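Novice: Protein sequence lines correspond, in order, to chains F and W.
Counting in our numbering, the first sequence runs from 28 upward without gaps.
Counting in our numbering, the second sequence runs from 618 upward without gaps.
The set of hints was computed from the structure by calculation and includes no laboratory data.
Any given hint might turn out to be false.
Pulled a few chain F residues facing chain W out of the computed Cβ check, cut under 10 Å [stated by the list, open to error]:
id	residue
1	SER96
2	THR242
3	ASP245
4	GLN347
5	ASP352
Since the structure is predicted, the reported quantities are computational estimates derived from the model, not experimental observations.
Yeah, the Cβ is synthetic: ideal placement off N, Cα and C, and Gly gets one too.
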Amino acid sequence: MTGSKLRAKDFETDQDVRWCPGCGDYAILKQVQTAFAELGMEKENTVFISGIGCSSRFPYYMDTYGMHSIHGRAAAIASGLKAVRKDLNVWIVTGDGDSLSIGGNHLIHLLRRNFDVNVLLFNNEIYGLTKGQYSPTTPEGTVTKSSPYGVLDHPFNPLALALGAEATFVARALDRDPRHLKDLIIRANEHKGTSLLEIYQNCPVFNDGAFTVLTDKDSKQDSTLWLKNGEPLVFGENNTKGILLDGFKPKIVSLEDGYSMDDLWVHDESDPLKAHMLTRFFGDPSLEGNLPRPFGLFYVNERESYETAMDNQVQEAYNQRGEGDLDALIQGKSTWEIN
Amino acid sequence: MEKEILEKKDVTILFAGDSGDGMQLTGNQFTFTSALFGNDVSTFPNFPAEIRAPQGTVAGVSGFQLRFGSVEVFTPGDDSDVLVVMNAAALKANISKLKRGGVVIANTSGFDNKNLKLSHYEVNPLEDGSLDDYELHEVDITSLTREALVDSGLARKDVDRSKNMFVLGFLYWMYSRDLASTIQFIEEKFAKKPELIESNLKVLKTGYHYGDTSETFGTRYQVKKAKLPKGKYRSIMGNQAAAYGIIAAAKQAGLKTFYGSYPITPASDILHELSKHKNFGVKTYQAEDEIAAICAAIGASFGGALGVTASSGPGIALKGEALGLAVMLELPLLVINVQRGGPSTGLPTKTEQSDLMQALYGRNGEAPIPVIAARTPSDCFSSIMEAIRISVEHMTPVMFLSDGYLANGAEPWAYPEAKDLPKITVPKVTQKPAEGEAYLPYLRDEKLVREWAIPGMEGLMHRLGGLEKEDRTGNISYDPENHEKMVRLRAEKVERIADFIPDLKIEQGPEKGKVLVLGWGSTYGSIRMAVDQCIKEGLEVSQAHFRYLNPFPKNTAEIMASFDHVIIPEINDKQLVHVIRSKFLMDAIPFSKIQGLPFTSSELVAKIKEIYA
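Bound conformation, chain W alone:
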């Protein structure tokens, strides 16, 4: 039977199953195949904090949402068009995220009595009519997988583990996708276990053919290539982009990288990625704790390398004292915070923007540091390069903010060529003091930046430390006026960075007008979609987005003053709003969400309309 093919502009799919069902892998493969095909893609993996929460329970459900389109997509979508559920718990956890009339593909083996009981369903939801508002397709994925592999000789456990390939194959059929890149992936992943290559490929193809032969599915869909800006593309995740950005910036500065880190979700992937690339002169060091990680990075910077450390909120809290030391030492140091839900251990696998205050003020004493935030997964690359440029050229520790949503999210990236990357100038001491003159380690240039004298350089011996420094000499000083002078010098040094960063710009909408939606960090995509929709509906709404949170771009107040209302959406409790109010004495309307989840565009559209009215 020839099946009908319908064209769609964009589609959101949510894969959900037990944490052991391979939903992340399935989602990533679908993403990659769609990106390669030429769709724009945005993803949102959502997994439990437990590695293997009890099977079949709602707590153990792992999800992967992705949106792909022939139009530009900036978010992984609000509600999904298709929900794939491997068991009853996955349905229970995610049915509220499916559009009315959307497609449910349910693995019927995951709805046996045991699964229903574990997910607290009294009646089987596939049978009680509760899904009547949706297009329900029941497929016994487990049995079909077992049948396909009946002669494989594999253990039942291994057979069942490949059922995600059935799902992937089936969805490839449904969306007219090519199997080639996944076939290549499987061949590489199981290169040392040929029997698993064979079995996974067989199940993948079985899933694909099931679409063709099964009577239940009459329709296939097609999502054409997106009209993205010209260029060469690849798919990239935030933590990966951050790791590449560190390598690229160190190269542009001619420095060796030392990366000190202690494992923590969701920052560890940067360590994993960097540790693969030692042939770029990268040294990675898994320290005994968070404090040792930053201290070792400080030691490396003292030795003339680019010291980098990364963590998430709880780890950053532990690094606070050492970060203050770096402020006193005035050495380059990059501190990465891949934010997650807090306080305390909080929500380790969920996203949040609640460490902005910690980044700006979370140290004892007057200890200002530049703060830079990335807006999309691929933007982690250029934003982290910019953070490193500022750190090195201005001899200061810098905080780079990412979050769980950016870290694990993927998108197509029009990647740059190495020759086009910005150069970074290192302020190393060029000459030693004249005979008989003492070396002054805290002498400053017009940017108020001191030079970097590195052990091994003759005639420049000096002692740094956390005690207050005397101006110019760097000797210990308890002099009251010197202390005030040094506090102000260090603050002014950071303020002057504003002369070396670009202005805040209007991303879309008029340059002045009624409503400005002003964001920072990972809310960029949701705001972009929401403002775009409002503009299309004829509203006078604009978008601006901060990369630099300390110092702010010089035209910030001017931009804000050009609008009747400024809305600041944040995945925290009004942190940027507080800062803006105190810094500029200007009002901004907060819009907070603190659920460990990103904004949906529709939430933002509703808020914009409320203010607009």
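Only chain F is shown next, with the shape it has when bound in the complex:
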């Protein structure tokens, strides 16, 4: 297969895809396959690791190597795999329950270690496979099967969490905008280090419309902000609104009312402080005065990957001491003989 160009279809398996009709996962699968074809990815050198949940069925539908593991542990398994197999292209597919609740610990440690793997975090703000309980990203007050009087838990802000865990690539996409999603999949693949791509994904059965305000024709222009490196933060119909920094405070201004592009905050994806601020654009954008929800690449930074550091340390041991001598190891420093 190596060398011959593959089509998106070549990454499909013979297994029937079993997500619910209308599930956002279909669009994500399609974009991953399309991106992989564009990237000329080799099937045998690609591995998908997932945990448990609807999204975690993903590996069965990719004709690469794969493992559908146990709840929350994909990040830990992928870490061990990457530690011994730097040559492989490793992808983690996980959901909001899988990686932010039961697997939260592994996710933050993966991010700080910075293994060169890609995380596709499907966030539908609900537990789908167990039929509709609230997840760690479900907004407070939401009525679900396990919260008939409304959710009490304050939700996680996944990208703020990721930056707090020293992530080196933090991005957000939306199942309803496939082209933008595909571009970010390609950027994630390019990044040397852990890429965290959060994908808002609609669950039509248990949490339908969770992202409507961000996708609906009438509301999306005012509620979403599409980040482009080196360009000012503009949004709204015909990009007539902008965001500037008033000291440390982001402020929405109208470009038709005394402000120009030159006044605006220019996105710099290498700026960690501003990236932190962007992740805090997290209020409900349908409410008056709230900032729009950003999409795109918030932050990217090159830092040595864990497996590179690990290999270097092993190589250094070989350089200094040569290939280990088993007999010398076993006998140690002091021996005696009995005749």
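Following the hints, position chain W against chain F.
Specialist: Chain W in isolation, oriented as in the chain F frame:
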């Protein structure tokens, strides 16, 4: 004055003091020197769970018992011949472990009012006659050490820390030992602090000369070399042997090792040891938790490396779900449990064999795995190699059981040469399926073992997972009959390992007869000594010892049936007895001890005689 030298066959010494008094180091040095000299040696370090429990209290006492002999010794001894106590608390905690008439060497500075109060003595036991049954030697070790270092310019704290060297020097004199290996040790340990080399050597020699010049000690002892089997020897501890065994097995299999671990007593020393040997292709990974440690090891095995993880009972409990995943994936994986007292946090620094049931059955669903247990510190080497051989050749996770007693115990080891170590065959896929044919990841050979297809191999892409697999294809299957078939296939695969392991053998005593003492794991030494004594007294008693606890050797029932009575001593509440009864419908007499301590030989001898009568 020329001092008399008496010959002894074997001697047990117990060093006891505050956890900061350096008793472990003293014991280890004495052990090493005696082993180098040619004695057989067995040791038992016994320390508190707290790093530095309050000084002077009984809770803070750290002990190191060792037995050395001109005869073979298999245990660190029941009661000791010599008890060295650095303070009153150490005496209080250990006087019951000294033989009547035994020698007490007491550091008198450790018996001041403060120490007596902290150890709840109302009267000084050195003065009230309570030690009249023993040979008491009072030595002001603290003052003698301070005097020796009066011109050293060292701080009082550093001076006092070297008082264990006085003890060591004095005991070297008492047992006619050579100082050379300890001198070398001190020179290496303090290579960067020459002032400490000088001071420690000075105190060591002061202790040695004190024996010569002091009027109180008229007698020295000599313990000649032991008649051990011919060979080259070194001293080894259990965790160290386990680490070397992992490195050796990976080499014999031609695999790289990935060791995922989270710190836990008493397993951490394996991580410490392995992390030093990266030039053997070993990668060590200190994971964020126990679950991540095993999961990372599974990921590494999926990638074609030898995945290994280790813990102790509480950590193994956390690994249970992932271990079940490994059962489904049918990948090699070694899981080490260095057992300690349980349940829950239990007794972290004490030994126990109470995780046998957990090893055999501690997973959801039908999830059998091979279980292998080491019997002595040095046996950790070959037993762990055997565990890895089974794991790799039979494509299954394997549980290796050690315990705190083996992990920290030391003994002489007739070490093997690398060229004589067993080879391990790796069942990697050798050819890809013919053009147009699908790859079947769960196709099995006559052992029911599937092949290991590793990412990167062209044409063998497949998806593994924890959902039930369809036979041969490995696709998800909820088919009722397929599930039963797969459950039975996985179980049968483990059962068939019995065709590839040696028979259970009689270690000593007749092949059939009245009483068989059947053990597993670290009780080997105590049983060995006890059965040996019974045989010498003319009783018809035999010993057999399991290394393989799942599957059992094929002749197990036959061996058991050859004896009128089978006694199974365990440091737990009859766990193996339950298994034996259910598996073979044969009775066995349990003998349990659950005190965080190994059996003494005399306890076992008494039990054997009770059954024998």
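Novice: Determine for every hint whether it applies to the structure shown.
Specialist: Outcome of the hint check:
Hint on SER96 (chain F) holds. Least Cβ distance to chain W is approximately 6 Å, under the 10 Å limit. With its C-beta approaching chain W no nearer than about 31 Å, THR242 (chain F) sits outside the 10 Å limit, and its interface hint is violated. With a cut of 10 Å, the hint placing ASP245 (chain F) at the interface with chain W is violated, because the nearest CB-to-CB distance is about 42 Å. Hint status for GLN347 (chain F): holds, given a least beta-carbon distance of 8 Å to chain W, under 10 Å.
For ASP352 (chain F), the interface hint holds, since its Cβ comes within 10 Å of a Cβ in chain W; the closest pair sits about 8 Å apart.
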